[in-house]
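There are 2 protein chains.
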Amino acid sequence: MSLTVVGSIALDTVETPLGKAEEILGGAAVFFSLAAAHFCRVNLIGVVGKDFPEEHAQLLSSRNINMDGLERADGKTFRWSARYHDDINERDTLDTQLNVLESFQPKLTQTSTEAPYLFLANIHPSLQLDVLNQSKPVFVGLDSMNLWIDIAPDMLKQVLKKIDCLVINDAEARQLTGENNLPVAARHIQNLGPATVIIKKGEHGCLLFGKDGQIFAAPAIPLDRVIDPTGAGDTFAGGFMGYIADKGNSDWATLKQAVVHGTVLASFACESFGPDSLATIGKDDINKRIQLFSELTHFTS
Amino acid sequence: MSLTVVGSIALDTVETPLGKAEEILGGAAVFFSLAAAHFCRVNLIGVVGKDFPEEHAQLLSSRNINMDGLERADGKTFRWSARYHDDINERDTLDTQLNVLESFQPKLTQTSTEAPYLFLANIHPSLQLDVLNQSKPVFVGLDSMNLWIDIAPDMLKQVLKKIDCLVINDAEARQLTGENNLPVAARHIQNLGPATVIIKKGEHGCLLFGKDGQIFAAPAIPLDRVIDPTGAGDTFAGGFMGYIADKGNSDWATLKQAVVHGTVLASFACESFGPDSLATIGKDDINKRIQLFSELTHFTS
Numbered sequence: 000m001s002l003t004v005v006g007s008i009a010l011d012t013v014e015t016p017l018g019k020a021e022e023i024l025g026g027a028a029v030f031f032s033l034a035a036a037h038f039c040r041v042n043l044i045g046v047v048g049k050d051f052p053e054e055h056a057q058l059l060s061s062r063n064i065n066m067d068g069l070e071r072a073d074g075k076t077f078r079w080s081a082r083y084h085d086d087i088n089e090r091d092t093l094d095t096q097l098n099v100l101e102s103f104q105p106k107l108t109q110t111s112t113e114a115p116y117l118f119l120a121n122i123h124p125s126l127q128l129d130v131l132n133q134s135k136p137v138f139v140g141l142d143s144m145n146l147w148i149d150i151a152p153d154m155l156k157q158v159l160k161k162i163d164c165l166v167i168n169d170a171e172a173r174q175l176t177g178e179n180n181l182p183v184a185a186r187h188i189q190n191l192g193p194a195t196v197i198i199k200k201g202e203h204g205c206l207l208f209g210k211d212g213q214i215f216a217a218p219a220i221p222l223d224r225v226i227d228p229t230g231a232g233d234t235f236a237g238g239f240m241g242y243i244a245d246k247g248n249s250d251w252a253t254l255k256q257a258v259v260h261g262t263v264l265a266s267f268a269c270e271s272f273g274p275d276s277l278a279t280i281g282k283d284d285i286n287k288r289i290q291l292f293s294e295l296t297h298f299t300s
Numbered sequence: 000m001s002l003t004v005v006g007s008i009a010l011d012t013v014e015t016p017l018g019k020a021e022e023i024l025g026g027a028a029v030f031f032s033l034a035a036a037h038f039c040r041v042n043l044i045g046v047v048g049k050d051f052p053e054e055h056a057q058l059l060s061s062r063n064i065n066m067d068g069l070e071r072a073d074g075k076t077f078r079w080s081a082r083y084h085d086d087i088n089e090r091d092t093l094d095t096q097l098n099v100l101e102s103f104q105p106k107l108t109q110t111s112t113e114a115p116y117l118f119l120a121n122i123h124p125s126l127q128l129d130v131l132n133q134s135k136p137v138f139v140g141l142d143s144m145n146l147w148i149d150i151a152p153d154m155l156k157q158v159l160k161k162i163d164c165l166v167i168n169d170a171e172a173r174q175l176t177g178e179n180n181l182p183v184a185a186r187h188i189q190n191l192g193p194a195t196v197i198i199k200k201g202e203h204g205c206l207l208f209g210k211d212g213q214i215f216a217a218p219a220i221p222l223d224r225v226i227d228p229t230g231a232g233d234t235f236a237g238g239f240m241g242y243i244a245d246k247g248n249s250d251w252a253t254l255k256q257a258v259v260h261g262t263v264l265a266s267f268a269c270e271s272f273g274p275d276s277l278a279t280i281g282k283d284d285i286n287k288r289i290q291l292f293s294e295l296t297h298f299t300s
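Here the protein sequences come in this chain order: A and B. For what it's worth, numbering that gives the first Met the number 0 labels the leading residue of the first sequence as 0, then goes sequentially. For what it's worth, numbering that gives the first Met the number 0 labels the leading residue of the second sequence as 0, then goes sequentially.
Among these hints, one or two may not hold up.
Copies of the same chain look alike in the list, so a pair counts if it works inside one copy or between any two.
Claimed, not checked - Subject to a maximum C-alpha distance of 20 Å in a straight line, what follows is the list of computed SDA-like cross-link-like pairs (lysine to any residue):
1) K49 <-> L222
2) K246 <-> F298
3) K287 <-> I23
4) K49 <-> G201
5) K156 <-> E294
6) K160 <-> E70
7) K246 <-> S300
8) K287 <-> S300
Bear in mind the hints are in silico, worked out from the structure with no lab data behind them.
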């Protein structure tokens, strides 16, 4: 089944201990789409400026991504710049220029409205609510960030009532609930709406919480060289949602498989600047790394 | 087979968000022994002062722990005091009084010398070396800390050449190797001596690195209530070493099982102040939680 994602498209400038890349393709919806498109057809809803290189749009179109929902607005594309520390789990954001993203009003195409699976990447909760009102999906995933928890918590809670799965990082889960213990924070979030909660922990992997109290812990795949972790969380969400949309099912066994697929896709995202590696890997590469994940965690009691 | 541990015995004063406990039984060798004794006979080598309550020694003796190596020195028992933050993964050490530990010279008994398994808990590397020279174990595990990496790195490296398994936390692994990437840091440590390396990551579990490049990732067991995490790492090491000593084997499958058993024991340690819970649980409690761990990570590719 098909999947719609609404979120940012960016030109990123990133410096890590292993190099620097300037004005490369980025943004949550881009990483998400390139990951999800390995499993299902993806409708991307987002905005770019007149300066957005045509080759980027072509790359996305060539990868099972429907770009009819790409809006080209007057002005410049959203830009984001960051420098990672020697410990690559830490970074400083150097610059954020919202540009055309500042007045973004997502407009769903007919095709994207009809997709049964929807992911609302990190944008203002009022826009997420607006998208929800334009569509009737069977399963909605959501991301958010510290900024919206800070300045629009009530709006965010309205959105949470209407979704099926929140994908959020550990610091955000703690901030949203005021609860330091992650299993307790997850249950708190479930009480706000979403039956399924995923708490991402960066290099430590993630925890999946199911509606009947189940927990699944997935470590990240250990990598010898992390070239650029930008977008790893969005890639995770793309692999997760793409897998679910492809199966047309969100039972516990499928959710666990989806988390493993998201974990594997995220590991590839860390191995290149920008989303390049997501566009070059194939089914075989993914399956080999699924096998690696299996060996990494295999234990018989 | 039997197991000897050399390390600290303490009276701890601990404050966590869930309460405060004063002058309770603590110390690395105590947590270690109470965990390991669920699997095998343990010889505890350590020192206390004349003020050490007899009931603590009796508790240890009652739990499959040989206390013949307990030295009662003139002076006061080692004392340690800490306050945990609301985020219980963070703590401030408030006070450390070495007392009799300051002049501790471990003397192995005949029985403890003959034990084929040996664990050197966190004490000065020169003492660890001294213990190694008193014994001929078949498998040696080691812990250390930031202080010794700082002030006695050469001595620590001499010890590392002679051991089989280093159990260390992530910050210490990074400090010891100057390498932020954990798999690379682990290989770096393996090149210094130990064929097996375990990197502990607190609430995120641990990574086990085998001599043939294998990696096993074990998440921590999610707990709704962490009452006091003091000694969880030492408890992990005790469960790990105790399991191996019981099996008399350290092949890859056994090492993985040992890590899971260490993980399970550590989860119990967090559920009471001090090591109380380790003394009250039985085989059934452990096996139930092994099953829980299995469900937490179970995935079929």
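Hint check results:
{"no.": "1", "hint": "K49 <-> L222", "in the structure": "neither (37 Å within a copy, 51 Å between copies)"}
{"no.": "2", "hint": "K246 <-> F298", "in the structure": "between (26 Å within a copy, 17 Å between copies)"}
{"no.": "3", "hint": "K287 <-> I23", "in the structure": "neither (28 Å within a copy, 50 Å between copies)"}
{"no.": "4", "hint": "K49 <-> G201", "in the structure": "neither (34 Å within a copy, 48 Å between copies)"}
{"no.": "5", "hint": "K156 <-> E294", "in the structure": "neither (39 Å within a copy, 31 Å between copies)"}
{"no.": "6", "hint": "K160 <-> E70", "in the structure": "neither (29 Å within a copy, 62 Å between copies)"}
{"no.": "7", "hint": "K246 <-> S300", "in the structure": "between (29 Å within a copy, 15 Å between copies)"}
{"no.": "8", "hint": "K287 <-> S300", "in the structure": "between (25 Å within a copy, 10 Å between copies)"}
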